[in-house]
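Number of protein chains: 2
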Amino acid sequence: MNTVTLRPFAVGDDSALWAMLEPVFRAGDTYAIDPDIPREEALAYWCGPGRHVFVAEVAGEVLGSYYIVRNQAGGGSHVCNCGFVTSPAARGRGVARAMLAHSLKTAPQLGFRAMQFNFVVASNTRAIDIWQRAGFDVVGRLPGAFRHPEQGFVDALVMYRRLDQAP
Amino acid sequence: MNTVTLRPFAVGDDSALWAMLEPVFRAGDTYAIDPDIPREEALAYWCGPGRHVFVAEVAGEVLGSYYIVRNQAGGGSHVCNCGFVTSPAARGRGVARAMLAHSLKTAPQLGFRAMQFNFVVASNTRAIDIWQRAGFDVVGRLPGAFRHPEQGFVDALVMYRRLDQAP
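Protein chains in written order, with the numbering used here: chain D, 190 to 356; chain G, 190 to 356.
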């Protein structure tokens with residue numbers, strides 16, 4: 190039995206975070222991030238201004254991280270965006286699910302009324318399944334907006350969930 | 190008869206650009222930008238890294254500006270985003286249309302294969318009409334994603350157009 194603990198990101202988590210981000214960004218098949226992004230730039234992206242960053246621990250080991258940030262400024266400030274990353278060692282241990290549940294609880298506490306994923310690569314069916322089961326709707330489809338390293342041009346989805354309603 | 194001339198933004202255009210951006214951003218009813226954004230931050234937003242910025246002149250007067258920037262990094266780099274602003278004095282003089290035509294010609298020259306507007310406030314029907322007539326499709330609808338200063342929560346649209354096809 191694994192217990193997944195969520196806590197705020199701390200400076201000492203840099204290396205653990207990069208160890209998770211590096212293979213995901215280098216693969217270039219899920220995040221619209223330059224695959225050759227340098228370490229410091231990737232950490233600055235994940236932990237940049239206005240971002241609330243958390244890590245997920247199992248038995249004291251960091252196996253996941255996510256951020257919450259407002260998705261737009263001004264009149265769009267009540268909608269947040271999140272990014273999630275897990276370690277390969279996290280698979281099947283409920284880390285992704287625990288982070289998603291934590292984000293859906295935390296976002297309203299931060300004043301957000303909805304959560305939006307701007308660019309979900311359509312071939313990332315595992316993530317899409319998880320989010321749809323958590324109450325997210327596909328509200329947009331960007332035709333051929335992502336060039337997948339193996340599959341070529343694939344669609345990207347926009348997913349959205351209000352936070353003031355049960356899923 | 191007005192002739193609209195497009196040229197790259199130059200440093201001396203700062204004041205003319207801000208004169209156009211200020212009322213639009215302060216009004217807070219079309220751009221998801223903090224209405225109290227300071228001048229320097231607004232100019233840095235419009236002319237930031239990676240942005241190709243142009244101005245539209247009529248009889249030597251700057252009456253419009255737009256930028257082109259990649260909308261995502263990595264596998265999303267082939268899709269651009271644009272932002273447009275016009276002076277109130279530009280109304281009915283073909284400035285918006287000239288900038289849109291220029292952007293649709295310039296974006297492919299910069300290597301982009303599609304253009305995306307991420308957040309078109311649904312109450313901004315004038316812009317939506319222009320873009321639909323120029324071949325943009327509404328590919329997404331974000332429910333209540335914009336808090337309009339008079340109308341309250343309104344939808345925002347995602348609009349998209351491939352650049353390798355006639356409109």
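Quick caveat, the hints were computed from the structure, so don't treat them as lab data.
Some hints could be false.
[Unchecked claim] One side only, chain D facing chain G, incomplete, derived with CB under 7 Å: (1) Asp-202; (2) Gly-264; (3) Gly-265; (4) Val-268; (5) Arg-330.
Glycine residues also receive a C-beta, built at the ideal position from the N, C-alpha and C atoms.
Hints, verified against the model:
no.: 1; hint: Asp-202; in the structure: 23 Å, violated
no.: 2; hint: Gly-264; in the structure: 5 Å, holds
no.: 3; hint: Gly-265; in the structure: 4 Å, holds
no.: 4; hint: Val-268; in the structure: 5 Å, holds
no.: 5; hint: Arg-330; in the structure: 6 Å, holds
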